[in-house]
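Chemist: Starting from the known structure of chain A, arrange chain B on it as the hints suggest.
There are 2 protein chains.
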Amino acid sequence: MPSDPGSELNSPSTADDVPADAAASRTTRLDVVCVGNALVDVLASATDELLTELDLVKGTMALVDHVRAAAIYDRMGATTEASGGSAANTAAGVAALGGRAAFLGRVADDGLGRAFTHDIRSIGVAFDPTPTPAVPGEVVSGHCLVLVTEDAERTMATHLGVASEFGAVDLHDGHLASTQVIYLEGYLWEQPTAKVAMRDAIEVAHRNDASVALTVSDPFCVQHHRAEFLELLDSDLELLFANEEEAMMLFGTSSFDAAVDAVAETGVLAVLTRGAHGSVVVTASGPVEVPAAPVGQVVDTTGAGDLFAAGFLYGITNGLRPEDAARLGGVCAAEVISHVGARPRGDLRALAVEAGLFG
Amino acid sequence: MPSDPGSELNSPSTADDVPADAAASRTTRLDVVCVGNALVDVLASATDELLTELDLVKGTMALVDHVRAAAIYDRMGATTEASGGSAANTAAGVAALGGRAAFLGRVADDGLGRAFTHDIRSIGVAFDPTPTPAVPGEVVSGHCLVLVTEDAERTMATHLGVASEFGAVDLHDGHLASTQVIYLEGYLWEQPTAKVAMRDAIEVAHRNDASVALTVSDPFCVQHHRAEFLELLDSDLELLFANEEEAMMLFGTSSFDAAVDAVAETGVLAVLTRGAHGSVVVTASGPVEVPAAPVGQVVDTTGAGDLFAAGFLYGITNGLRPEDAARLGGVCAAEVISHVGARPRGDLRALAVEAGLFG
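These protein sequence lines map, in sequence, to chains A and B.
Yeah, the first sequence ends on 1513 if you go by my numbering, and it's all consecutive.
Yeah, the second sequence ends on 1513 if you go by my numbering, and it's all consecutive.
These are calculated hints, taken from the structure and not from any lab test.
Heads up, a few of these hints could be off.
What follows is a list of derived Cβ distance ranges for each label pair [what the hints assert, rightly or not]:
id, chain 1, residue 1, chain 2, residue 2, range
1, B, V1452, A, G1513, 32 to 40 Å
2, B, S1409, A, T1206, 57 to 65 Å
3, A, E1477, B, R1503, 50 to 58 Å
4, B, G1291, A, E1382, 39 to 47 Å
5, B, T1420, A, T1303, 47 to 55 Å
6, A, D1228, B, E1203, 38 to 46 Å
7, A, A1306, B, S1389, 46 to 54 Å
8, A, Q1377, B, A1306, 43 to 51 Å
9, B, T1303, A, R1361, 42 to 50 Å
10, B, P1287, A, D1388, 52 to 60 Å
11, A, V1452, B, R1503, 28 to 36 Å
Derived SDA-like pairs: lysine to any residue, alpha-carbon spacing no greater than 25 Å straight-line [as the list claims (entries may be wrong)]:
id, chain 1, residue 1, chain 2, residue 2
12, B, K1212, B, D1305
13, A, K1349, A, P1287
14, A, K1212, B, S1276
15, B, K1212, B, E1304
16, B, K1212, A, R1499
17, A, K1349, A, D1263
18, A, K1349, A, G1321
19, B, K1212, A, I1277
20, A, K1349, A, H1360
21, A, K1212, B, I1277
22, A, K1212, B, D1501
23, B, K1212, A, D1501
24, B, K1212, A, S1276
25, A, K1349, A, A1322
26, A, K1349, A, S1389
27, B, K1212, B, A1224
28, B, K1212, A, H1272
29, A, K1212, B, R1499
30, A, K1212, B, G1500
Idealized CB from N, CA, C, for every residue including glycine.
So here's chain A without its partners, still in its complex pose (with noise of 0.2 Å):
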């Protein structure tokens, strides 16, 4: 591990700086592997007599078993399918820039399965899962039952399916030796199983020099796993992206510049989202303010933290300052919720190269 957290990161940014082998080996090297559940959404219009009905939460995400996703399926309205899960929207994002990116996550060989290695894939997103046989009905892939209502909230019951058998057969060693960052969905922590192979995935990454960023994912993430994070942020990690209302729970603070304070003292770099404030890096030589980019009209704001987090990874495995990968992270954030869904439709890297971050 890098004793600066930047550093290993921040790479130099012009071949000049770089000896010839190593500049070699960074063009075949990936830039960023992303872990975590592969999800295709399932969306549908909703009312809020509806979310009562079905006793789901407006706002928030549920974890539900086979028998409740099928049972809330059936009252769904006509759905619309497209691939998401938090970390392969980010590989996605990584992609879209013209990174190298993989995923790591696991699927049944069903309908949904095939859809979600086809979708990510077609990005250029490396990917080869075995996909586990699949019962209709009962061992399926991983999937995300969204109910949007009139207000464009967005009420989640995710159904894991298979991806809540994630292990160490997951583990692509190829991929995992052969990249500059692993990025971890915090959502793994969920799973006994995918939690054992990510400590062998964090020191399969150490062991080949690659850094290990974190995303605590959601406040339940943060309530649930809070110590084991805390434990990560002591000698595991080089990166942690959180949100204002995260930060502040994983450090046990009552304002946000307490926790800005507590992850600076850990010495990792560190990403505090604030949605329409911005981000704010905290570097070893002190927390940097970024301003959001700006946005015509919020659509949706699903995929805003994936697609940031995209953005940031990119940056700094390309040659950014931590400020410029946050800011770049906030171009995609911004791209993300013009639209409806969770992944990239507009050029990414046009936008990066028009924000004056790429020539």
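Modeler: Quick look at chain B alone, frame taken from chain A:
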């Protein structure tokens, strides 16, 4: 068959005019049974270059086998999936207006088939298929690969899958015997077993005093089955749907006016649609021009004809005069082209009331 093509369809609109028995039977009777290919749309963005490489002609629909479908899908970008199918969209529209609709079509026991079944039922359409056992990659539910270029044009490759095996076993005599209208998709004439089944369906419908409606679906269908469509007009149909181009091809005329004259001679109630120029309803008492409904921004014209048919069919089975039914068709078409997707999103019933068509 009624001698006046409009008389059976355009039934009295007030309960006072109807004997008590008939009124009771009307409340349990279906308005429309729609018969067609059960298809799920699989959409992705594409470039003109990709269309050329894939040997697809921009703006057209091609039928493809499973090998070619797989090859096209492999080259497509990240996809979104949503239920479609021409007659199925019409059934969804009738139900969205508050009508009683059923759909007949063949699906496989796979993810696409289950999604199709869920979606059409969720809007209130009766659909009770006997799914064909699926073989991944080979025996699959029908789907339409839709490549959307930047100019918003759609280029489609349809793999009918098991929909191509639609046959007598898929007819639901209960539905066919208790509906006011059966509505048949011209696309079905491409398939030998479906063609035979359509003969049976027409017989069952007529035996039970239902009217038979046909949409010729597509210029290529008219090209392939012109003689058969003319024969149907001669002896089996009470209602015909065609757009301007299809009508001119069907009657072999070089002007639209001549096509109107030709259809008038058949004595069959006909609705000829002209896009932004509205429609012409050809009744026993002559043609009536009906202007198109106003629409803000045309976002996606997919489903315009299907939803026009839905409005017309609902109108005519619920007491509207043919010209008012055509106005309702225009209102429904305007709604579906104002957003992406081939099924209604807004409250069609409210739009019909707003247009003064229902109290």
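Chemist: For each hint, tell me whether it holds in the structure or not.
Modeler: Each hint, compared with the structure:
{"no.": "1", "hint": "B/V1452 to A/G1513: 32 to 40 Å", "in the structure": "holds, 39 Å"}
{"no.": "2", "hint": "B/S1409 to A/T1206: 57 to 65 Å", "in the structure": "holds, 59 Å"}
{"no.": "3", "hint": "A/E1477 to B/R1503: 50 to 58 Å", "in the structure": "holds, 54 Å"}
{"no.": "4", "hint": "B/G1291 to A/E1382: 39 to 47 Å", "in the structure": "holds, 42 Å"}
{"no.": "5", "hint": "B/T1420 to A/T1303: 47 to 55 Å", "in the structure": "holds, 49 Å"}
{"no.": "6", "hint": "A/D1228 to B/E1203: 38 to 46 Å", "in the structure": "holds, 43 Å"}
{"no.": "7", "hint": "A/A1306 to B/S1389: 46 to 54 Å", "in the structure": "holds, 53 Å"}
{"no.": "8", "hint": "A/Q1377 to B/A1306: 43 to 51 Å", "in the structure": "holds, 45 Å"}
{"no.": "9", "hint": "B/T1303 to A/R1361: 42 to 50 Å", "in the structure": "holds, 47 Å"}
{"no.": "10", "hint": "B/P1287 to A/D1388: 52 to 60 Å", "in the structure": "holds, 54 Å"}
{"no.": "11", "hint": "A/V1452 to B/R1503: 28 to 36 Å", "in the structure": "holds, 30 Å"}
{"no.": "12", "hint": "B/K1212 to B/D1305", "in the structure": "holds, 11 Å"}
{"no.": "13", "hint": "A/K1349 to A/P1287", "in the structure": "holds, 23 Å"}
{"no.": "14", "hint": "A/K1212 to B/S1276", "in the structure": "holds, 21 Å"}
{"no.": "15", "hint": "B/K1212 to B/E1304", "in the structure": "holds, 12 Å"}
{"no.": "16", "hint": "B/K1212 to A/R1499", "in the structure": "holds, 21 Å"}
{"no.": "17", "hint": "A/K1349 to A/D1263", "in the structure": "holds, 23 Å"}
{"no.": "18", "hint": "A/K1349 to A/G1321", "in the structure": "holds, 8 Å"}
{"no.": "19", "hint": "B/K1212 to A/I1277", "in the structure": "holds, 23 Å"}
{"no.": "20", "hint": "A/K1349 to A/H1360", "in the structure": "holds, 17 Å"}
{"no.": "21", "hint": "A/K1212 to B/I1277", "in the structure": "holds, 23 Å"}
{"no.": "22", "hint": "A/K1212 to B/D1501", "in the structure": "holds, 23 Å"}
{"no.": "23", "hint": "B/K1212 to A/D1501", "in the structure": "holds, 23 Å"}
{"no.": "24", "hint": "B/K1212 to A/S1276", "in the structure": "holds, 21 Å"}
{"no.": "25", "hint": "A/K1349 to A/A1322", "in the structure": "holds, 10 Å"}
{"no.": "26", "hint": "A/K1349 to A/S1389", "in the structure": "holds, 16 Å"}
{"no.": "27", "hint": "B/K1212 to B/A1224", "in the structure": "holds, 19 Å"}
{"no.": "28", "hint": "B/K1212 to A/H1272", "in the structure": "holds, 23 Å"}
{"no.": "29", "hint": "A/K1212 to B/R1499", "in the structure": "holds, 21 Å"}
{"no.": "30", "hint": "A/K1212 to B/G1500", "in the structure": "holds, 22 Å"}
In summary, this structure violates none of the numbered hints.
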